[in-house]
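With chain H held as given, fit chain W onto it using these hints.
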Amino acid sequence: MNTAQRIGFQVARLALVLFLVSILVFLALRLTPGDPAILLLGPQAGRDDVAETLAALRVQMGLDQPWPVQYWLWLSDLLRGDFGESVRNGVPVVTLIGAAVPSTIWLIVLSVLVSVPLSIVLGVAAAARRGGILDRAVRGVTTVAIALPGVWFGLLLIILFSVTLRVLPAGGYVDPFTDFGGFLQHMILPVATLSVFLTGVLTRFVFAEATDVLRQDYMRTSAAMGIPARKRLFVYATKNAVLPMITIVGVQIGALVGGAVLVEAVFGLGGLGQLLLSSVLNRDYQVVQGAVLLTTIVVLIVGFLADIAYRLVDPRIAR
Amino acid sequence: MMRNLRALGASRIILIAVSLLILLIAIAPQWFTPWDPAAIDATAILQPPSWAHPLGTDEAGADVLARILYATRLELIIAVGSVLIALLLGIPTGLLAGYGGRVVDGAFSSVASATLAFPLILFAILIVASFGTTPITLVGIIGFLFFPRVFLLVRAQTLAIKQREFVVAVRVTGVGPARTLVRHVLPNAAGPLLTLIPQLMAEAILIETGLSYLGLGVQLPLATWGTILESSKDFYVTAPTYAVVAGLTITVVAALLMWAGELAAESSNPLRRRRLA
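Chains as they are written, first to last, in the working numbering: chain H, 1 to 319; chain W, 1 to 277.
Bear in mind the hints are in silico, worked out from the structure with no lab data behind them.
Don't take every hint at face value.
Said to hold, decoys possible - Computed spacing ranges between beta-carbons, pair by pair:
1) H:Leu79 / W:Gly101: 31 to 39 Å
2) H:Leu160 / W:Gly100: 51 to 59 Å
3) H:Arg166 / W:Ala10: 54 to 62 Å
4) H:Gly98 / W:Ala10: 54 to 62 Å
5) W:Asn188 / H:Arg139: 24 to 32 Å
To be verified - Computed footprint of chain H on chain W, listed as stretches where at least three residues anywhere in the stretch have a Cβ under 8 Å from a Cβ of chain H:
6) 24-31
7) 125-133
As the list claims (entries may be wrong) - Think about it this way: if two alpha-carbon atoms lie no more than 25 Å apart in a straight line, the pair counts; the simulated SDA-like pairs of lysine to any residue are:
8) W:Lys233 / H:Asn282
9) W:Lys233 / H:Ile188
10) W:Lys233 / H:Ser162
11) W:Lys233 / H:Ile159
12) W:Lys233 / H:Pro169
13) W:Lys233 / H:Thr164
14) W:Lys233 / H:Gly270
15) W:Lys233 / H:Ile301
16) W:Lys233 / H:Gly172
17) W:Lys233 / H:Leu157
18) W:Lys233 / H:Val163
19) W:Lys233 / H:Gln185
20) W:Lys233 / W:Pro48
21) W:Lys233 / H:Ala192
22) W:Lys233 / H:Arg283
23) W:Lys233 / H:Arg166
24) W:Lys233 / H:Leu156
25) W:Lys233 / H:Leu168
26) W:Lys233 / H:Phe161
27) W:Lys233 / H:Leu165
28) W:Lys233 / H:Ser278
29) W:Lys233 / H:Gln70
30) W:Lys233 / H:Tyr218
31) W:Lys162 / W:Gly101
Glycine included, each C-beta is placed from N, C-alpha and C at the ideal position.
In isolation and in its complexed conformation, chain W is listed as follows:
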């Protein structure tokens, strides 16, 4: 056990521990704070940090820490959900485009580059402004915008892998294309995907933040870190803790996700691998 932990390296252990903590907060925020994030208290608005309220209170007297903790779940659902949509759209099309003929490839690639060309946030503004912001529209639109990234990666991996001898050998033994793709080609594309997934999750959180700032975030009583950032923007001078904490949370979590992507790249790329043998 200890040897395995050591082989993992300190950075990975820290990362896994923090991820588990965030997951636990998302599942059971009530274990981490006694406050109700929606509790209004007109006698205690915009208070500085105290023992009772570690991060102070907001303009309605609600506990800021509780609001951040309770928003974790929805933020994670948006991040994970949009990446899942992107994977569902990108993996099958990527495999088909890489493995099929030029016509299939051309068709999928054109749709992907059309989607990729869209300035992400602008398209999200267009859709969200038209259909209103619910977590479902957010997940759908961000997932759709991420799909070309997954598609291009899976397609490139498939193109490279299908030439390899073991794939040719598998096909010669009479294994059908579907089985070849899922059992033999896809697992070999998993490494780069593991790098991309946390980075896309970070981007999803940042896009959600941007939309929330423009007033296109989820509507009350739902809350995300983005909408908390937006609601706190007038209180930088009167309640600095409240104003800073949402942005700080977003930055730290997004940076951790980017870092996780880099560590995944290091462990899946033999050229960059150092500790994991």
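Chain H extracted, bound-state conformation:
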């Protein structure tokens, strides 16, 4: 298979997976106990005089149709970009998500920018001195970093830096295009929280890859040729150890979004996490489902692009 065919295959697979995901979310939607029409009407639904309204609403929402037809109606709404409206305030779900997304994306992007270089240095350095103090320290610290519940670590940082030392804000979000300094100040703690987890995951990965690479023949040959250790390690070895990281960031993007949602809810950044949190508390399922579905689609597409990028960057796989 050449590259074009392979990409075509991947696109077909992405479409299939998106289809399966849509069925999963639809089922979650329909298996939810309670009639969506009753939920939409709210407390009035129990009264006798609204029984007709309720029946009309059911027809209007397509709830009287068999499931496959309902699925089709739901899917065609989605494809038109209609993710429904909030039961609480009637605002379209897409608008709510659009307003929430920037802070979540900033949180993820900044954390990736911090974690990727950090984990490359830590992972390669630890792999170069297997069994040494640095190796043990890095492995111990990454284990704890992954085991640390993000929500708790975030709270601890708030207590230390915002309540006790009073040097950083405890939460809130400032738009970077209106006040960049304020934006950075508000992002330091959330980014630190998410980066601890992400650096832990990525460092372990770089470490494993670098350990493999250092065993390869070309590393021994380059040593025999008298090329300085520093150059061998941080140019020759790192190049090959870091390439697969594109895939890992692609695969981990789901975990990353999940982590970001939690961290961002702790710091009240007004992003997806807070939207989900308030929608869950308000039983606003339409928003919950829309947000989950949209995020999943984005995550799938990012993973797909990461896979393509990896194939283009690494000639060994492209062939």
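Chain W in isolation, oriented as in the chain H frame:
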């Protein structure tokens, strides 16, 4: 006996001892504390640590240590239960996908990658918000979300092992596919699974914590470390011990589980094996 212990290495002995202790706490928390975790005492709310209450009391005057100890059982049930579900779903499908033809493989692999693609916590929020949080929904949803990880591992191992000469030899002697898979292929996939299992248990605990923080934890009178963490979040300044201890427990137990996974990887991988001969 002593020689066997020495061959095991200090780290493994510590790990086994701690695991047994945690198991004992889960089985019989009343042996470790005289307090009832649900006992309310309005005269003793948010007290600092004392001889009577080693970790102080919470906002209802209950002993914090007792709450943590009594929550161990449910936390373990959630961690172990969800991994069991993942194994039940992942092992048979993984074996079939690795051993069967391309069609079977394609079908199972697509479902697995669809599940893997879901941002775990978001899907858990969706399900738990819709169906309510009971230990059963938690175990079911986390187990289902973990299934692709088990599936991918078993599938890869099966693909690698089925080419080996001994498997071919077994099949030539007329042993059926089911028996070949269960008796000869599966045992060879056990090593990597032993590494994955404790790590998944750690993740289950962390996911449960995240959901609890969002208010989607199990409902009272049930309690987990996650719900204790959530209930203590307003008391970081007034009762720091209470606020810190749940998070610390989760971190330590999750780190121990990750560590156990690493030790399992070391003993099952001959390249990394050092002490265990």
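Consistency of the hints with the structure:
no. : hint                            : result
1   : H:Leu79 / W:Gly101: 31 to 39 Å  : holds (34 Å)
2   : H:Leu160 / W:Gly100: 51 to 59 Å : holds (55 Å)
3   : H:Arg166 / W:Ala10: 54 to 62 Å  : violated (44 Å)
4   : H:Gly98 / W:Ala10: 54 to 62 Å   : holds (55 Å)
5   : W:Asn188 / H:Arg139: 24 to 32 Å : holds (27 Å)
6   : 24-31                           : violated (count 0)
7   : 125-133                         : holds (count 6)
8   : W:Lys233 / H:Asn282             : holds (21 Å)
9   : W:Lys233 / H:Ile188             : holds (21 Å)
10  : W:Lys233 / H:Ser162             : holds (15 Å)
11  : W:Lys233 / H:Ile159             : holds (11 Å)
12  : W:Lys233 / H:Pro169             : holds (18 Å)
13  : W:Lys233 / H:Thr164             : holds (16 Å)
14  : W:Lys233 / H:Gly270             : holds (19 Å)
15  : W:Lys233 / H:Ile301             : violated (36 Å)
16  : W:Lys233 / H:Gly172             : holds (18 Å)
17  : W:Lys233 / H:Leu157             : holds (13 Å)
18  : W:Lys233 / H:Val163             : holds (14 Å)
19  : W:Lys233 / H:Gln185             : holds (23 Å)
20  : W:Lys233 / W:Pro48              : holds (16 Å)
21  : W:Lys233 / H:Ala192             : holds (20 Å)
22  : W:Lys233 / H:Arg283             : holds (23 Å)
23  : W:Lys233 / H:Arg166             : holds (19 Å)
24  : W:Lys233 / H:Leu156             : holds (10 Å)
25  : W:Lys233 / H:Leu168             : holds (19 Å)
26  : W:Lys233 / H:Phe161             : holds (16 Å)
27  : W:Lys233 / H:Leu165             : holds (19 Å)
28  : W:Lys233 / H:Ser278             : holds (18 Å)
29  : W:Lys233 / H:Gln70              : violated (42 Å)
30  : W:Lys233 / H:Tyr218             : violated (53 Å)
31  : W:Lys162 / W:Gly101             : holds (13 Å)
The earlier numbered hints that this structure contradicts are 3, 6, 15, 29 and 30.
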